[in-house]
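*Asks:* Chain by chain, the residues:
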Amino acid sequence: MRRFRAAAVGAATLSLALTASACGGGSTTGGGGSNDSPKTLTYWASNQGPNVEADKKILRPELDKFEKKTGIKVKLEVVPWSELLNRILTATTSGQGPDVLNIGNTWSASLQASGALLPWDEKNFAKIGGKDRFVESALGSAGAADKDPAAVPLYSMAYALYYNKKMFKEAGVDKPPATWDELVEDGKKISKGGKWALGAEGANLSNNIHQIFALGKQHGADFFTEDGKADFTSDGAVAAVKQYVDMMGKDKIIAPGNAEYAQNQSLSDFAKDKTAMVLWQAAATTFKSQGMSDDEWGVAPVPVASGAPGQGKATNSMVAGINMAVFKNTKNIDGSLKFVKFMTSDAEQKILCESYGSVPPVKAAQDDPAFDRPELKVLRDTLAKSAAPLPQVANESQFETAVGTAVKNLFANAAAGREVTTASVKAELVKAQQQMSKQ
Amino acid sequence: MQGGKEPSGAAREPGRGPRRRPGRLRRIGLPYLLLLPALLLELLVHLLPIVVGISMSFKELTQFFIRDWGAAPWSGLDNYKVSVDFDAPVGEALLHSFLVTCAFTVLSVGLCWLIGTTAAIYLQEAFKGRGFLRALFLIPYALPVYAAVITWGFMFQRDNGLINHVLHDQLGLTDSAPFWLIGDNSFFALLTVSVWKGWPFAFLIMMAGLQNIPREMYEAAALDGAGVWQQIRRITLPSLKSVNQVLVLVLFLWTFNDFNTPYVLFGRSAPEAADLVSIHIYQSSFVTWNFGTGSAMSVLLLLFLLAVTGGYLWVTSRERKSAHV
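From first to last, the protein sequence lines stand for chains A and B.
Just so you know, we're using my numbering here: the first sequence kicks off at 1 and counts up by one.
Just so you know, we're using my numbering here: the second sequence kicks off at 440 and counts up by one.
Bound conformation, chain A alone:
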């Protein structure tokens, strides 16, 4: 008897193991999507609010509304930023992903290249009310220009210059700077006695890229050639990186300690009256959570050399935001499209974007009075007139790492008191470019 039991256990273990391995592999075939489980959906939301719990509180009532309307139950998982990309990659490789998910809009082209996301052709767009409903610059950040978008814009954001009114007053600065020269000039007045003019997140690769990208545009650099090849070492790119790092090294208006910031510490410094300005996207909710009231800070467009933001050399922000994508091998394709339609509907856009402090990428929703606050007006204007999407190329992720690290290293040098020269900036960027694979 005992032997039988042992054999049975062995056989059971074996069959379990085999099933497990069968599940793990071989599921990458097909992928057109089906309607095998029409009653449920899994949704991976990115962490937008102050924490994961806050997101659940904001999203749950909306998901229940959707269930009431359609009878489809949505299983929600809020994924922290640090994990999201890895989770998506794992889901892509194994084929075991959610039905609908949020992606950072800078990843659109990279994820599009993997072929895991449902392409948004005319037919799919028609099911959610058409392409024309969305702001153009937001659509530009949803995939490579010559392909059907890999996602639909969900929340939009842009960079603005946030300034601490009290610190401005103390330093005798009466209005926010419109050009970089003014910013440096005002900055020198403010940067005294342990106070600093501008905050930076020197060790945050993505933030470095966002700042460098806008400055690069102002110097006529794109970081990628027309045919998608890395072009990090142009004079414009070198000048942009140098200008940014010089604000710490040469102009001394960024605190050296900011070179190791990567967890939004510059926002705390701002709220504690230690740093007078930050270049940030939709910072209102964070300031509030740091105990700052809305009248303690002001907001203005990010400076440009000429003083008037616009297209091309007057670009002053990347198109920041979150897109919503459908996994190609979803088991509930109809439900997924219905869900995207619901989340991007005028009514839901108003509710969600107001909760998150972002700008709706849906034109009709922008007219709501809730988005008439001075901060959102600046962000909305920037998005509509002077923002450009990051290069929509398949190796955008590599660009962020390579160039973001170069800027981080240069900040580390500036902070340590070593001189940052045009040659040393170029050398770092050459190294970054060499690290890009030959794709």
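If you're looking for bench data, these hints aren't it; they were derived computationally from the structure.
Each hint should be verified, as a subset may be incorrect.
[Unchecked claim] Derived DSS-like pairs: lysine-lysine, alpha-carbon spacing no greater than 27 Å straight-line:
hint : chain 1 : residue 1 : chain 2 : residue 2
1    : A       : K166      : A       : K188
2    : A       : K189      : A       : K166
3    : A       : K229      : B       : K520
4    : A       : K350      : A       : K313
5    : A       : K123      : A       : K431
6    : B       : K567      : A       : K431
Knowing the structure of chain A, use the given hints to seat chain B on it.
*Replies:* Frame of chain A; chain B shown alone:
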């Protein structure tokens, strides 16, 4: 376990009933049959991923193919060539991180061993408060790695961290507050955390090893006039040799492959001075989405570790054999 007892019982009573003939087969076959599930699982859990990893290292596996990686184009030895071309940026960076890891491992294992052994010897004698000290020393080993390393990260912050507060503000040992999480000092920050995390294990193993040395040997040595140092050199360390051999090997493998500490301390892009191989490979694979090259680097690392471990085991086992002769 229950099933395992049967064959030996059957062997002792060969004449038990009519099932005599399959006895031999059962005696030899059953243990293997019972091992089979474990063996198969071992294959699935360990060997299969290794085989998959090796096959990936021969492919041009980028974001274009992760969804169906079987279809990625064959690239032959390209990934290996790129990894070991030390004049080109990818190979140069890999070599750099390899050398950093070697230096880091030697220092970390050495310090862990030294501190652990010293503490174990010190706590060998019974005295008041020994239990408390033992528990205290083992705390780093019991804490969750993630939480502990995050705390270290806070302490190493330049402007608000405890380390600079003590070194600079209170003791005045440095002219200006140094950076620990960026630039060259990051190596020492990483080393500090690694040793803090690793030495309690050495301490634990050494304490266990010390229990096996008969007290009489020390007493006899003391009678013969041997001082504390001589006792440690002539009795303690030689008696701990086999324990040491295992301890050093385990610490070496753990430290060389440590991923959690640098990742939690520095995030996805470690400063050059603290760019350990494990995080470098992670970056090649998961951050720059070049899984083929990352796999090739992993295979190279595996070969290196196998060679070192094999060599080490060969030397130590030869020593052991000659010692027994």
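*Asks:* It remains to establish, for every hint, whether it holds in the given structure.
*Replies:* Here is how each hint holds up against the structure:
no. : hint             : result
1   : A/K166 to A/K188 : holds, 16 Å
2   : A/K189 to A/K166 : holds, 14 Å
3   : A/K229 to B/K520 : holds, 23 Å
4   : A/K350 to A/K313 : violated, 32 Å
5   : A/K123 to A/K431 : violated, 44 Å
6   : B/K567 to A/K431 : violated, 59 Å
Consistency with the previously given hints fails for numbers 4, 5 and 6, ordered from lowest to highest.
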